[in-house]
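K.L.:
Protein chains in written order, with my numbering: chain A, 1 to 443; chain B, 1 to 443; chain C, 1 to 443.
Treat the hints with caution; some may be incorrect.
If chains are identical, the list can't say which one is meant, so a pair holds when it fits in one copy or spans any two.
Stated by the list, open to error - Heads up, simulated SDA-like pairs for lysine to any residue below, C-alpha to C-alpha not over 25 Å straight-line:
| # | residue 1 | residue 2 |
| --- | --- | --- |
| 1 | Lys317 | Gly29 |
| 2 | Lys231 | Thr115 |
| 3 | Lys274 | Ala99 |
| 4 | Lys258 | Arg84 |
| 5 | Lys317 | Pro93 |
| 6 | Lys90 | Asp224 |
| 7 | Lys90 | Ala255 |
| 8 | Lys245 | Glu371 |
| 9 | Lys107 | Thr73 |
| 10 | Lys274 | Glu371 |
| 11 | Lys258 | Gly65 |
| 12 | Lys274 | Arg114 |
| 13 | Lys131 | Ala92 |
| 14 | Lys90 | Arg144 |
| 15 | Lys131 | Gly416 |
| 16 | Lys90 | Gly232 |
| 17 | Lys245 | Trp306 |
| 18 | Lys131 | Glu32 |
| 19 | Lys231 | Leu69 |
| 20 | Lys132 | Arg262 |
| 21 | Lys274 | Pro136 |
| 22 | Lys90 | Glu219 |
| 23 | Lys276 | Ser328 |
| 24 | Lys245 | Gly232 |
Think of the hints as simulated: they come from the structure by calculation, not from any bench.
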Amino acid sequence: MRFAHLHLVALLFLCPAAGWSGLPENARGSGENAGHWQPDPMHEYWDPGTYHQPETGPMAGRFQGEECLECHTVVTPGIVRDWRESRHAKSAPPVLCPACHGEDHQKLRLPTPRTCGECHPRRVAQMEEEKKYGFPGHALAMERAVDSKHFADKPKAEVASCLQCHSVATKCDSCHTRHRFDPAEARRPEACLTCHSGPPHPDDEAYFASPHGQRYLQEGSTWDWSRPLRKGHYPTPTCAYCHMKDGNHQVADKAVWKFGIREINPRTAENTIKRKRWLSTCADCHPPEVARLFFRELDTERRQAWGKLYGVEGLLKALRGEALLRPSARERPPYPMDLMARLFPRERIGFYEGQASAFYNVGAIERDYFEMWYFDNLGAFKGMAHGAKEMSRRFHERLDAEARAIAAKARHLREGKGAGTAEVDLAPIWMDGEYTRFNRDNN
Amino acid sequence: MRFAHLHLVALLFLCPAAGWSGLPENARGSGENAGHWQPDPMHEYWDPGTYHQPETGPMAGRFQGEECLECHTVVTPGIVRDWRESRHAKSAPPVLCPACHGEDHQKLRLPTPRTCGECHPRRVAQMEEEKKYGFPGHALAMERAVDSKHFADKPKAEVASCLQCHSVATKCDSCHTRHRFDPAEARRPEACLTCHSGPPHPDDEAYFASPHGQRYLQEGSTWDWSRPLRKGHYPTPTCAYCHMKDGNHQVADKAVWKFGIREINPRTAENTIKRKRWLSTCADCHPPEVARLFFRELDTERRQAWGKLYGVEGLLKALRGEALLRPSARERPPYPMDLMARLFPRERIGFYEGQASAFYNVGAIERDYFEMWYFDNLGAFKGMAHGAKEMSRRFHERLDAEARAIAAKARHLREGKGAGTAEVDLAPIWMDGEYTRFNRDNN
Amino acid sequence: MRFAHLHLVALLFLCPAAGWSGLPENARGSGENAGHWQPDPMHEYWDPGTYHQPETGPMAGRFQGEECLECHTVVTPGIVRDWRESRHAKSAPPVLCPACHGEDHQKLRLPTPRTCGECHPRRVAQMEEEKKYGFPGHALAMERAVDSKHFADKPKAEVASCLQCHSVATKCDSCHTRHRFDPAEARRPEACLTCHSGPPHPDDEAYFASPHGQRYLQEGSTWDWSRPLRKGHYPTPTCAYCHMKDGNHQVADKAVWKFGIREINPRTAENTIKRKRWLSTCADCHPPEVARLFFRELDTERRQAWGKLYGVEGLLKALRGEALLRPSARERPPYPMDLMARLFPRERIGFYEGQASAFYNVGAIERDYFEMWYFDNLGAFKGMAHGAKEMSRRFHERLDAEARAIAAKARHLREGKGAGTAEVDLAPIWMDGEYTRFNRDNN
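Take these sequences, add in the hints, and give me the full structure.
P.N.:
Here is the structure:
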């Protein structure tokens, strides 16, 4: 019996391409703009619930877990070893391969949060509950990606980059290392940092620039990570300790500052409650008055950052009034699927008038403002919020420099010197450029 | 008795704000410009010797250490656990909470170096001794921060970022993890890197880009950090191994190159002695001739860097002579407290004529030079000094690029094209801008 | 006997400079341009086979290994301890100091790959075999450095930075930590990352931005690194696991994409074989179809990147045709040793026409293209190839921004506005500038 399997394994390597069926030619996108885009083959793996196609290779038959292991100990020993070290392997009875993947080797599944929720309903429910707090958040990450217009219109090769992280909403092994699924690993900062690093969310950089992060680097390798994320269990907080206290998979119920992407009123009833939740977390180690001061400093930093952003936003709106923003709404190509915008072009500036409008397809001065808001402002917030004040200060210097550069460009434009200069030119990418052409050829 | 305490704890959470007295409304700044600034509430914690106000919450009474622990094991179990693992807890008799904080819960102290010096006089004396070498250094870090004019005039929200690190002079737990205070932690690079990273002091980046740092990453988690920083105890050096050999808390007695911020003559008697101290440290592992070559290369790198800086400084001075530097000294607003500068404005360029003058409140071309000196030059130095030569090369490329850009701007200015262009404009921030306005409103 | 040695040690410290002979005044360069450059003193250590000069200090005599250890346990205890923990120390008979360094203390050698090859012929042969795949690669790293014209003409202080990494070809302890030489260390990513980080080869950044790298950070400190790099031994791959499978010291036999520096045809017979080698490595853990998709995405990313690069290259060639590229080939100073180029100047753009031409000594617009190709393009490749897609996306944004900026500069040039502007000016460094002057004075 065992040899028969090994024979099939050999076959698998001889016809390596045969096993893969892939997405059908006419696979449709999902979400609001479903008709306007086609999934990339890799979408199968980032959103398996929607797109996964079972492989139909030479291996056929229904297998119980022990049979799976017999072959895969040879074929993919690493993941088998990971599984053997997992709680899945050690429970009685063990949770074997078919529990998540099915028994029929011609119809294997990739597990989705729903699959995991069969045994872990509370954690999946917590994550789902997050939706009531809106975006940004984990639970809506995939929806928001595929529903945004620039997703439908961008080269698939590029949006695939987004999905690797946005798949946090559609598969649990974005955070939980398969096939070990050890909470001890999910509790470590690294579980979060594959996604939470770099602009516009330098949480990685902020954490490790803070005393908390440095202490983790000093001691983390000696901590007992099997302990739940509870008061007194860890000498210094990690991402999950503060944001997923007690393993709560709902990370939005303390999200006072909304990731820094928009201004919030810290005094609303909701934010007062959220802030109390934060203060109670901080009080695990710090005197409450220190935490309170700290948040007050964060409020000040935010007020200061938004002061800078609004100043520039006002300037851009004035330029628009003077018809100096080019390309103007009429000149800009609307998103291909965007019929209404074609008929009634509308100029949008900044976050409140519509984020995506400032993302691509705008003149250099608007793109600058976008980067000021999305990269520098968020860096300033992330630094301050994580106790890396010097990092925050650095990003404020960048905000200042950007504001000055934009003011100088505005002066140029008003003096009529702007046309054709490097500072002002930026070909709208949806009309003619890499994006549109690549899109036309490849999507 | 125990229940009484827990009752009070509950009370503490019910009236969370009551416990904090905070800085009085009329608290004064300290240092040279004391009359010109007010401390931010957080100053209490960065410079507790000067500013800490005891909290006057509902908890009243005098407590001996065992009583403190009774409550705080519940209220803040993490710091209690840290203390229990400390030498303070294990000595006979143990050093209990009141030794550092006092007994009266209405008059609790935050410890200062003076507090620590009662038991650790040698270490505190070593740090104090550092003052004779001048700035930069740890012991003078707070004085230099609050005595500089731009400190007094900048938004408090921003200078608070500076104090988090500059508090190294005013509290020992900037480096020593409270409440464990384990030398094993202070010896690790991470103890230094919360502050020593990013521009203008990328020691973090330099160390980890060097073979020393990479070897620490490979093996550090297996080293016995309880061993003193002595020859033969560690396979590769860390920050403290070289800069605080044998635990010496005086880090300036080998500071030949002065952090890279000014040119030094490597052949003075003082620097010859300091260099010998370095060579003897390197000789713990390397043949002396390799270390000597290495320092010769560092001298060459420094000469090269200063050649680049002086070239640009000369150009700026020539522009000043031609009255092309705008704003000029007369046009620039002096620091608000700077009466003499108001009467007798003086144009300063570069480090030797006064660092702060080039920091803020200058035209773009001078700010460029400032960044060239403070960010690129220091990056070039830090890389070379720590054996990360490729990093140093990279910063030299930046110095070259900056020098070329400044030369092009100078040509612009001379051709009369400069006025109003993006390259040249930079609103002086002390006259009108974020700083002055924020300051006026918030300080 | 022992005391006699200690006496000599004391002597060694009393006359520290006497021991070093150093390179002779008239030492010649090596390689194609040997006559045009002189080695820097540090070259002794980066290419010991060519340049090492034995020290002729006060220590004289021939020593057997045990005698060496007697002194050096005191003089350099760290490296002795490292050796004691090495397999060299534990084998029977032990491999003692003279095996690598010789016995005569006045004629000590630094070991070269040849020295190591006496006992480890297979590993050294594997590395040598790499040469048949051409550059880039480890085995040719030093040749390519010293044979390139800009090497011969650059300040030695700068090329020394290159040699620290390029010495991978001329000494084994670039990767293997001396004197422990533990394969367990060479297997760790850090062994590679001293060199493979930063532009133009951000492998460090790419690996740690990927799920592979984050998992290493989570678990790496608990892995048994003494296990060979074989299927099933490691839960997640490291640099060496994929690139040096089974310890193979030939890293070029899977190099389909050639480091990203030039466009490759993924469908050649050679690349099909190389790709199969990759797929088989990925299949240690992943279903082959996922790896295949992944490589298809990488091909797409490469096609996209080269589309961007060729677009700009075409633009530059058009500008050259219009005589708008300044300095032109005739205006540019040729490399000092480059007689033919002096007689027949030839304008080269981009990689295929000759890389070095675009590196230095060109106008700003060509330098921009160089940076686009060498920094942004390579960053985009490294990110994608290592599973850090978001990093790749970020570098594609930079490619787009650079392409737009270059297009704007081209428009400037065509409108006659370019001359003398900051964007276009760049003093050719071989004619007049830091390089030539520093070179003249110091080389």
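K.L.:
Taking the hints in turn, state whether each one holds.
P.N.:
The hints, checked one at a time:
1. Lys317 - Gly29: neither (36 Å within a copy, 41 Å between copies)
2. Lys231 - Thr115: Answer is neither; intra-copy 31 Å and inter-copy 29 Å both fail.
3. Lys274 - Ala99: neither (38 Å within a copy, 37 Å between copies)
4. Lys258 - Arg84: neither (40 Å within a copy, 38 Å between copies)
5. Lys317 - Pro93: Result: close neither inside a copy nor across copies, 65 Å intra and 70 Å inter.
6. Lys90 - Asp224: both (20 Å within a copy, 22 Å between copies)
7. Lys90 - Ala255: For lysine 90 and alanine 255, neither the intra-copy (37 Å) nor the inter-copy (41 Å) Cα distance is at most 25 Å.
8. Lys245 - Glu371: neither (33 Å within a copy, 42 Å between copies)
9. Lys107 - Thr73: within (21 Å within a copy, 55 Å between copies)
10. Lys274 - Glu371: neither (29 Å within a copy, 40 Å between copies)
11. Lys258 - Gly65: Neither, since 44 Å and 42 Å both go past 25 Å.
12. Lys274 - Arg114: neither (29 Å within a copy, 39 Å between copies)
13. Lys131 - Ala92: Classified as neither; 35 Å inside a copy, 55 Å across copies.
14. Lys90 - Arg144: For lysine 90 and arginine 144, the Cα distance exceeds 25 Å both inside one copy (38 Å) and across copies (55 Å).
15. Lys131 - Gly416: neither (48 Å within a copy, 57 Å between copies)
16. Lys90 - Gly232: between (28 Å within a copy, 20 Å between copies)
17. Lys245 - Trp306: neither (30 Å within a copy, 47 Å between copies)
18. Lys131 - Glu32: within (17 Å within a copy, 54 Å between copies)
19. Lys231 - Leu69: between (40 Å within a copy, 16 Å between copies)
20. Lys132 - Arg262: Classified as within; 18 Å inside a copy, 49 Å across copies.
21. Lys274 - Pro136: within (16 Å within a copy, 42 Å between copies)
22. Lys90 - Glu219: between (29 Å within a copy, 20 Å between copies)
23. Lys276 - Ser328: neither (45 Å within a copy, 51 Å between copies)
24. Lys245 - Gly232: For lysine 245 and glycine 232, only the intra-copy Cα distance (12 Å) is at most 25 Å; the inter-copy one is 34 Å.
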